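What follows is the residue order along each chain.
2 protein chains.
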Amino acid sequence: MNIFRFGRPGYKVVVGLMLWVLFPSVLPAQKASLSKEVPTVKVDRDVAGQATWIWYPGDYAIWLANKMQNRRTERGAFLPVFWKMDSHYVLVEFHKDFDLAAPETIHIAAEGRYNVKIDGKAVTGNLNEIRFPAGKHRLSLKVYNQAAVPAIFVKGDQVRTDSSWQVTFEDKEWIDASGKASDKSGTTYQQAACWNFNSAAAKPSQFHLPTRPEVPVKKTSLSNGNWLLDFGRETFGYIRLKGIQGSGVVRIYYGESAAEALSVDSCETLDTIQLTKNVQNFDTMTASTKAFRYVQIAPAEGMQIGQVDMLYEYAPVTERGTFSCSDMLINRIWDVAAYTLHLNTREFFIDGIKRDRWIWSGDAYQSYLMNYYLYFDQPTVKRTLFALRGKDPVTSHINTIMDYSFYWFMGVQDYFTYTGDSALVKTIYPKMQSLMAYCLSRRDKDGFMEGLPGDWVFIDWADHLTKQGALSFEQLLFCKSLETMATCARVTGDTRGAVQYSQLAADLKAKLFDVFWDKDKHAFIHSLFKGQKDETVFRYTNMFALLLNYLNAQQKEEVVTHVLLNPKVQAIHTPYMRFYELEALCAAGKQDVVTREMRDYWGGMLSRGATSFWEQYDPAAKGDAQYAMYGRPFGKSLCHAWGASPIYLLGKYYLGVTPTSPGYGTYQVKPELGGLKWMKGTVPFAGGDIEVYCDRTKMQLQSSAGAGVGTLLIESRRKPSCSQGKIQQVGKNAYQLQLRPGQQYVVNYEAI
Amino acid sequence: MNIFRFGRPGYKVVVGLMLWVLFPSVLPAQKASLSKEVPTVKVDRDVAGQATWIWYPGDYAIWLANKMQNRRTERGAFLPVFWKMDSHYVLVEFHKDFDLAAPETIHIAAEGRYNVKIDGKAVTGNLNEIRFPAGKHRLSLKVYNQAAVPAIFVKGDQVRTDSSWQVTFEDKEWIDASGKASDKSGTTYQQAACWNFNSAAAKPSQFHLPTRPEVPVKKTSLSNGNWLLDFGRETFGYIRLKGIQGSGVVRIYYGESAAEALSVDSCETLDTIQLTKNVQNFDTMTASTKAFRYVQIAPAEGMQIGQVDMLYEYAPVTERGTFSCSDMLINRIWDVAAYTLHLNTREFFIDGIKRDRWIWSGDAYQSYLMNYYLYFDQPTVKRTLFALRGKDPVTSHINTIMDYSFYWFMGVQDYFTYTGDSALVKTIYPKMQSLMAYCLSRRDKDGFMEGLPGDWVFIDWADHLTKQGALSFEQLLFCKSLETMATCARVTGDTRGAVQYSQLAADLKAKLFDVFWDKDKHAFIHSLFKGQKDETVFRYTNMFALLLNYLNAQQKEEVVTHVLLNPKVQAIHTPYMRFYELEALCAAGKQDVVTREMRDYWGGMLSRGATSFWEQYDPAAKGDAQYAMYGRPFGKSLCHAWGASPIYLLGKYYLGVTPTSPGYGTYQVKPELGGLKWMKGTVPFAGGDIEVYCDRTKMQLQSSAGAGVGTLLIESRRKPSCSQGKIQQVGKNAYQLQLRPGQQYVVNYEAI
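Residue numbers (my numbering), protein chains in the order written: chain A, 1 to 752; chain B, 1 to 752.
No lab work stands behind these hints, which were simulated from the structure alone.
Don't take every hint at face value.
Said to hold, decoys possible - No farther apart than 25 angstroms at their CA atoms in a straight line, the calculated lysine-lysine pairs in the PhoX-like style are these:
no.: 1; chain 1: A; residue 1: 67; chain 2: B; residue 2: 467
no.: 2; chain 1: B; residue 1: 445; chain 2: A; residue 2: 84
no.: 3; chain 1: A; residue 1: 67; chain 2: B; residue 2: 117
no.: 4; chain 1: B; residue 1: 467; chain 2: A; residue 2: 530
no.: 5; chain 1: B; residue 1: 117; chain 2: A; residue 2: 84
no.: 6; chain 1: B; residue 1: 530; chain 2: A; residue 2: 84
no.: 7; chain 1: B; residue 1: 431; chain 2: A; residue 2: 467
no.: 8; chain 1: A; residue 1: 467; chain 2: A; residue 2: 622
no.: 9; chain 1: B; residue 1: 521; chain 2: A; residue 2: 431
no.: 10; chain 1: A; residue 1: 184; chain 2: B; residue 2: 445
no.: 11; chain 1: A; residue 1: 67; chain 2: B; residue 2: 445
no.: 12; chain 1: A; residue 1: 445; chain 2: B; residue 2: 445
no.: 13; chain 1: A; residue 1: 84; chain 2: B; residue 2: 467
no.: 14; chain 1: B; residue 1: 117; chain 2: A; residue 2: 426
no.: 15; chain 1: A; residue 1: 117; chain 2: B; residue 2: 431
no.: 16; chain 1: B; residue 1: 467; chain 2: A; residue 2: 184
no.: 17; chain 1: A; residue 1: 67; chain 2: B; residue 2: 431
no.: 18; chain 1: B; residue 1: 467; chain 2: B; residue 2: 521
no.: 19; chain 1: A; residue 1: 203; chain 2: B; residue 2: 698
no.: 20; chain 1: B; residue 1: 84; chain 2: A; residue 2: 96
no.: 21; chain 1: B; residue 1: 521; chain 2: A; residue 2: 84
no.: 22; chain 1: A; residue 1: 84; chain 2: B; residue 2: 84
no.: 23; chain 1: A; residue 1: 431; chain 2: B; residue 2: 431
no.: 24; chain 1: A; residue 1: 184; chain 2: B; residue 2: 530
no.: 25; chain 1: B; residue 1: 67; chain 2: A; residue 2: 117
Source: prediction; values computed, not measured.
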């Protein structure tokens, strides 16, 4: 029905696609079907008794990230990252000891060239199906794969691959001439990693995110004969062209705004599909995914295209967190924020879907936090942490940025706090140690970290923010990173490390206050450079000190008054840092201020027609000028993960749910309406959900049976009542109630 | 003419080869033609004005070594290495600044996905052919390749890829929102590496060693209907089956001896070619190379094979060194040694062609030394050094063996001494530093290196050789390695490192003599373990101390008398350590002893029918028992690089040619007949050759014009005469003559 006519029909069905010549292995037809064949699930723990593909921990993330991050193009030109890309271990040994009552037949699949050994003796012949004997025996496989991650899938009645297998990249399995076995005591084994590729056919190297077809909501014929398609809102995927007739080049110009798609010369991304020979009724699609709401289709003269639609590509994560309230605008903000985060949740947590599509540690750190209130998807956090960290040796900060190394440590801390997953901590701890060793080796004579040659000291996109010398902001994050090291050292049983890191953190914290806390300014000042202090007060150090709980009650007050609510202190313009600014205000109990800010700032974007939240928003900018950034008319990303912070703020500081010991072993709920009449929502955790309803006189709470013990904190003019538990007074107008798992609580109170 | 008939002819030409299913990318037909298409040359310096493929230094060696070393099979089972295999950098930036008088068109080829920038701005459109402007401009390319090494080939009139390009794996090329360029001052650039792939079509990833057909010298029909083929001598390559009719499995059993090929159950290597459907007059070949002299061909019943021959695979190196003398047996030993080394010189210097086919540092170290007297092929030494070292971080000793780390350092020292190639030293120095840091971090409280968990302390295959505690042998090699570090630190301009390493070496040397030199035993004793000395005297430490010149004249005498020529000291049985034992005897002037030993030991192997020299030779073993090792009847390798030492001994200690400053800037010639009536030969170096003739009354010498200044050392009963130069007396019966390049010298003298 939607025949686009551009000229005479073609004759021959011989096709050459320029882009496919570059990537012959990725044929769209394959891709589409693969996305159906390869199941994608969001849990990476073993399903009991289920065989699954396994590999060396972290390697799949590194390999997949290389693949994903190298998809960036800028107006057709390949634009790779500027930091070191690492590789998986190409040769990996897997083994596990079994004790079977009866022999059994096991089926083996591997990605790479491999051998199979039983008790160290090589099996010959058909390695896809072997007989495994009864009794105590060790099964070992060793796999070589240069191009993709060595991985194995073994399935028998009892002999199966799962994360209980041991893996190493260096088995030291020699036997000397005398038959003496090697000294393997220096070999380091790790637990295997997996991600629920649960059939032999579901090869990890073939993984693609799933897709589904979507059609444009509007098609406009342009005066130049081209078509402008509007998909209704920000989206991501492949463009499909169907029923093509003729030959020549079809150009596709993408736009997050209509203006961008219409700007042939300045749109940020474009595609070219070249049909070198005449085709008739031919279907094709773009070779790689793009972000867009609008698409301009420009076929060569004489070509016809029958229909254009898209394959929407998405991460199969489940929105488990919910939020709704009395304020319709806030509800819309939450919905659009959730959609924004979903678009930026792909193989990994990325920065934005249009331009970089890279994994940036500072951006990802915020996505982790939002994730804990929306999906609680652990695998995506883990993959992102592994991908960012790469392999040793450490040759630069993560993403080359000093602060981004620190966010990486803090991301591990939060992951542990929210999930209680000590296995991840144990696996990743050696990589934490080597990155921290790199940081410690770069301290100045005062023990502070300054930007050294090759370091990018970022903090924020902001004017007047000097980067020379020791910045209080960087020392604060450095200190938090050292505290994280101490925590993780304790988790892994490295008691000596725990003591050392704790001491380093305590020393640095003391120096931080000593050098940078200015009593007269009631705030942290900016920096120390060549013995001279830059006494400018910025928001950054101060808001982080508040939200990381580095301040005593009086200092907290001072920072709120003299910095956060002080209009003379330079304002923040990026949603990136507004995330923490609003969080700090929430942490200081200023939810009412935050509600207004959300309505203004995020509501402002919605009033400009945003269907996802932006990289940056300047209320003063008008018309197409609001899309400009980096000196390019459409440089700004209109769908940036860091724009989705309301999810986090509303979940953590309005519904008020936070773990107080790892993995929600204990947690607290401290509802804050922030001026809303009522709100209700769900906060997910590994073992279930916590549901909260709150208005000015009533609270209602329920947690899943798998939860730990919660503490409800209530501010009330009078003593609240609850028939399901005992309310305790803990201060003036302050009460609390213990929440047992599985129990519903209704509390009557009177909001202040 | 050689039709093998095994049964009825088949009908259909549909073929499935089991091995090819595993490695579909390597089709023999392709392989044979590739070996012709891709030129293989032995020099890796740029040919002036010649464009060549370039890559990150060391990466090609690492990638190619993974490929080569993973070809090992044992009776059909894949048998990979047990140490860490590293990978190339998958994302590499290449650039060079040009200043052209006129614009020009340049042609670009790359292995991997790539972009092209001129002065930092991406070129769009066709990247295979671009216009490069006149004036000063920077050309940059950035290439991503996970499966093979990122490499580029650029060819214009003046703009061409060669080793003058800069490369990095981490360009830190960011630009912040304000347009401020990144701080690249922390970026490390290296000079690009190449290996004379000098056309766009000669892709590095497609490289294969060349092959040529060879036919068996004898075919024997066996009583079981199979055929035994004899190729006349030890050889290496693919077996080709031609004119096959029928279907089923053809089994191929390889033997370095006839007994091995006939032993279906115990031969070390075999192949299986499966034709699942009937074929008629079909040709095929094995998927991978094997070592053999004999081959048993066992087709399924009902199959016919028309003809069997082989594709001999070889390294295209040139035998530049020569040696001949009055003793026909020594001449045959030299020839068979040269052939043995050639067979073991492949993509890298390997240990032996039948079994491991791996790069072992201790074995390779000897090949380097032999190479300097046979091929003087620098690229193979460099590739082998890079492949052995791999990438950081260092997680174990090279090949997991402590002594093998030390041989690696010593290999760099020798390479520099023989070639004077300071560019290699500069490139590899950071990897020397990190390996040495690993070694230094593993010293005990006395500063000695003991075997720690996971370390293999090897020395030699020998009885009674305890490996516990600090072994004098390991400390000696450690000391030499520290001296190598000091030398290379000076070459790279690391003056602080030079001082530190020199001091460490001097301290260790002092302790070595202090703790292990036993005045009463006139020798180094074995070890120190938990404060107790093991006072056994082995040959190892003592012979190395002598040949590394660690002994004064008196100690040298003592070691010769009390160790080397003392039958009570445990004898050495491996050609591996006989290499150094005989070298030490040569260094002590005992060539006459060495001549006898060569005739006995290597002549003994020849008398057993050896066509290449063995991994181990026991004159007492009889019949097939002589092929046994590692508890397997044919476990012993009959073609092992370390068996070829006569090449080195005859070149260095008989012809007597050695560099005395890096790259033969100066050198000495000290002919020693060792009981021979006459000898003549050629010793190659980078810039040409040195020719030596010597009998008991005459010496004749000539060096190429490119040589440095040589010193001929003559021992003579009377003052020698020479009309081309002035003979100087330097001691009793000791004379010398300065040798200028390009000049022929004839010296008359009287041997002592």
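Verification of the hints:
At roughly 47 angstroms between alpha-carbon atoms, residue 67 of chain A and residue 467 of chain B are farther apart than 25 angstroms, so this suggested pair is violated. Under the criterion of a C-alpha separation no larger than 25 angstroms, the hint pairing residue 445 of chain B with residue 84 of chain A is inconsistent with the structure, at around 38 angstroms. About 22 angstroms separates the Cα atoms of residue 67 of chain A and residue 117 of chain B, which keeps this hinted pair within 25 angstroms; it holds. With a C-alpha separation of about 54 angstroms, the suggested pairing of residue 467 of chain B with residue 530 of chain A is violated against the 25 angstroms cut-off.
Restraint check for residue 117 of chain B and residue 84 of chain A: satisfied, since their Cα atoms lie roughly 19 angstroms apart, inside the 25 angstroms limit. Under the criterion of a C-alpha separation no larger than 25 angstroms, the hint pairing residue 530 of chain B with residue 84 of chain A is inconsistent with the structure, at around 45 angstroms. Of the pairs offered as hints, the one joining residue 431 of chain B and residue 467 of chain A is violated, with about 33 angstroms between alpha carbons and a cut-off of 25 angstroms exceeded. The suggested pairing of residue 467 of chain A with residue 622 of chain A is violated, with an alpha-carbon distance near 31 angstroms, which exceeds 25 angstroms.
Of the pairs offered as hints, the one joining residue 521 of chain B and residue 431 of chain A is violated, with about 51 angstroms between alpha carbons and a cut-off of 25 angstroms exceeded. Taking the CA atoms of residue 184 of chain A and residue 445 of chain B, the gap is about 24 angstroms. The hint holds against a cut of 25 angstroms. A C-alpha spacing of about 47 angstroms is found between residue 67 of chain A and residue 445 of chain B, which places the hinted pair above 25 angstroms, so the restraint is violated. Proximity of residue 445 of chain A to residue 445 of chain B is assessed by CA-CA distance (about 30 angstroms); at most 25 angstroms being required, the pair is judged violated.
Our distance criterion of 25 angstroms between C-alpha atoms is broken by residue 84 of chain A and residue 467 of chain B, whose separation comes to about 40 angstroms. Between residue 117 of chain B and residue 426 of chain A, the direct Cα distance comes to roughly 43 angstroms. Violation of the 25 angstroms bound is thereby established for this hinted pair. Between residue 117 of chain A and residue 431 of chain B, the direct Cα distance comes to roughly 35 angstroms. Violation of the 25 angstroms bound is thereby established for this hinted pair. Taking the CA atoms of residue 467 of chain B and residue 184 of chain A, the gap is about 16 angstroms. The hint holds against a cut of 25 angstroms.
Simply put, residue 67 of chain A and residue 431 of chain B have alpha-carbon atoms about 28 angstroms apart, too far for the 25 angstroms limit, and the pair is violated. In summary, the hint linking residue 467 of chain B to residue 521 of chain B is supported, as the alpha carbons are separated by about 21 angstroms, within the 25 angstroms threshold. The suggested pairing of residue 203 of chain A with residue 698 of chain B is violated, with an alpha-carbon distance near 73 angstroms, which exceeds 25 angstroms. Only pairs whose Cα atoms come within 25 angstroms are accepted, and residue 84 of chain B paired with residue 96 of chain A is accepted, the gap being roughly 20 angstroms.
For the hint pairing residue 521 of chain B with residue 84 of chain A, the CA-to-CA distance comes to about 56 angstroms; that exceeds 25 angstroms, so the pair is violated. The straight-line distance between the Cα atoms of residue 84 of chain A and residue 84 of chain B is roughly 20 angstroms, inside the 25 angstroms bound, and the hint therefore holds. The suggested pairing of residue 431 of chain A with residue 431 of chain B holds, with an alpha-carbon distance near 21 angstroms, which does not exceed 25 angstroms. In summary, the hint linking residue 184 of chain A to residue 530 of chain B is supported, as the alpha carbons are separated by about 22 angstroms, within the 25 angstroms threshold.
For the hint pairing residue 67 of chain B with residue 117 of chain A, the CA-to-CA distance comes to about 22 angstroms; that is within 25 angstroms, so the pair holds.
Hints 1, 2, 4, 6, 7, 8, 9, 11, 12, 13, 14, 15, 17, 19, 21 from the earlier list are contradicted by this structure; the remaining hints agree with it.
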